[in-house]
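Letter by letter, the chains look like this.
There are 2 protein chains.
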Amino acid sequence: MTDLRTLDAGALRALRQDLLARYDAFRARGLTLDMTRGKPSPEQLDLSLPMFANAETQYLSESGIDCRNYGGLDGLPEAKRLFAEYLGVATDEVIVGGASSLAMMYETIVRAVIFGVPGGAGPWGQRETKFLCPCPGYDRHFAICEELGIGMVPIALYDDGPDMDAIEDLVARDSAIVGIWCVPKYSNPTGTVYSDAVVERLARMETAAPDFRIFWDNSYAVHSFEGEPAPLRNLLEACVAAGHPERALIYASTAKITFAGAGVSAMAASRVNVTWSLRHMGIQTIGPDKLNQLRHVQFLRDMPTILAHMARHAAIMKPKFDAVQTVLGQELGGKGIAHWTNPAGGYFVSLDTMDGCATEVIRIAAEAGVRLTPAGSTFPYRRDPRDRNIRIAPSFPAQKEVEMAMELLAVCILLVSIDRLLAQA
Amino acid sequence: MTDLRTLDAGALRALRQDLLARYDAFRARGLTLDMTRGKPSPEQLDLSLPMFANAETQYLSESGIDCRNYGGLDGLPEAKRLFAEYLGVATDEVIVGGASSLAMMYETIVRAVIFGVPGGAGPWGQRETKFLCPCPGYDRHFAICEELGIGMVPIALYDDGPDMDAIEDLVARDSAIVGIWCVPKYSNPTGTVYSDAVVERLARMETAAPDFRIFWDNSYAVHSFEGEPAPLRNLLEACVAAGHPERALIYASTAKITFAGAGVSAMAASRVNVTWSLRHMGIQTIGPDKLNQLRHVQFLRDMPTILAHMARHAAIMKPKFDAVQTVLGQELGGKGIAHWTNPAGGYFVSLDTMDGCATEVIRIAAEAGVRLTPAGSTFPYRRDPRDRNIRIAPSFPAQKEVEMAMELLAVCILLVSIDRLLAQA
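Chain order of the listed sequences is B and U. For the record, in the first sequence the residue sitting at position 273 is 1093 according to this note's numbering, with numbers rising by one throughout. For the record, in the second sequence the residue sitting at position 16 is 836 according to this note's numbering, with numbers rising by one throughout.
There is no bait here: all hints are sound.
Repeated chains share a single entry, so a pair holds when one copy, or any two copies, can fit it.
Using 25 angstroms as the maximum straight-line C-alpha spacing, the simulated DMTMM-like pairs for lysine to aspartate or glutamate come out as follows:
(1) K1220 x D886
(2) K1155 x E1180
(3) K1155 x D1175
Derived by calculation from the structure, the hints in this document are not laboratory data.
Sequences are here, hints too, so could you generate the full structure?
Below, the structure written as structure tokens:
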């Protein structure tokens, strides 16, 4: 538990020898652990298999819609009702789509780029546009902006949400800022839950852009590791109350409730935004897979059923996240070379090394068989200005593997940190 | 069987009285038949329900991929193999996607609008662009162009495909023409099958636009009413042979093989186009619903199994299409006021009235309880220059209903035609 920064070169070198031996031992075991993505484990996916028990005869909706056939652009009525309950909005403020909420976000932004959004100053593609990007954040959000030529402005992420002082200042001055990416609950990768005050300020702030939108990726709304999910102020309500009803674009999916590649996604927004979305969606497609929606509704039923189901996920997830904390605490606690988050839900732990160490840590961990999300991924343009953030995704590997991978990661952090300290000495 | 155009006003008026009586009798029955879209009937959808027999335990691909989890942007390997066989291309020339091939086409064009296509002169959205539109054609194709600001040039559709003389002349002269919509087999709505010569000319022709693309919507590749599907020259092969490998963009789906709203779609193209598509798709989504792909592959298996399955569809479809021909022949044959196609497969029959009658026929048919696709739908901008084309979609209603609807349609055509002839007299 000694702060490594207080040790002299000799002590550091001695430590380094022990660590190298541990590292080589790991390497000799020929591990191949993939911790690059937040994937549910097979045990979690098993929880939803009963959804298919009656699939062969399960094709009529409660009002008699044949879910095998065309139609229903906005989703099955009972699926809209379930997601309305899930997101705390009215049924006609919901669109239920296909398997990917990421695709729904991408497609919303593509529509904004080509056509512009309601109340806006024309297509986003015809002027300079920028998004605010609280970071560390979700690499796939940033990739969408990069692909579509939308500039990105990094924003610090605090324990209660993004740096609202900075945000209010920027959006008031710069009409090119048309959006912000938010994962408001159990944020990827930090586990942050936005406070009511932050949500209120996001809803109320005055923006120079008349068509400013909050992309509210509420992917982990019910994904606590223990007990009730953290409360989160309803963004759509807050935006309506603040006189900015079109500002909120809310996304959710069952990717991490049922099946990661084969769940159901949904979007919630004002009726104006919903109408605008459906007008364009109706050109793109005839409608979503209603059979999958029907199976999901009959399996997930209502919020109490969903919460009971999520408790079963939590029973699998919590020991893994506990192991991350335990191993990191034992190996790195008090050593002054890393700090990390301790989320109450979600899929990730965010760890910061000393400045300039993350790339090297991830490289040598990979050489010993543990693949982590590439350094920089949690920042716009994959550039972590301090090269220190590492996203830990412990959900997929088995419990033992998580423990092993965390120990190896800690050894790698120690090794790289010591090298850094020795170089600085 | 008398040509109505040879009758005098008195004879026409007498006929009109009889027809009005028949029309009023229909109207009194309070029918509500929807023939607006090419939807499979419930009996057809039942054919694929056995796909779900093992859904609860069916989640591992043949190579052990867990189809419940993330990954596999280009589709499940065995699904790619099946569609490669279906479309006559190599496995790495195929992307297997979600439920909607229309969405795949829309998204391809959106990518072209925003980013441009390989070998192209930049984003389509930054210059004047036009598509050639053989018509009568598919309204949803035309709607995509209209939404995205791509001009449409109507092209006559003959028995063996579109007017190639006109096409060759236009594409050679006008570099704004970057695409053509084709439904090459059992075309919507005429049932046309493109001849080998037409396919060859499409592949070989010189185009002023370096990035000209053929959007080859092969939705009805195996959808014959009896016996083997009609042969169709392989467009990708023809384009490769002609030195235009990037020209072919081929789409297909199981919407009318398994489930109309919940099938699997695929795209085939050169490796250059596939790589380009995947690069952008990888930003939009993590991957398609592989569980649905797996179920489809295990159910449809190979081409002999697909053809045997389609024979069961044909057994349901043929009597309905026979009824359309029988009733139209009996009621309108030799009367000189309408002609119609007699497709060997697909989902539609195309009927032309005398000029200027289609809108009124569809209006009075709806008043008597039979809804047809709105007049003009089969032309760009919903404008049928001669107001004569009616799309007949007999797949969804029951056999008796098809017969009734066709009789009513014939009565409506006769009534409106007689009024027209009387007005001209």
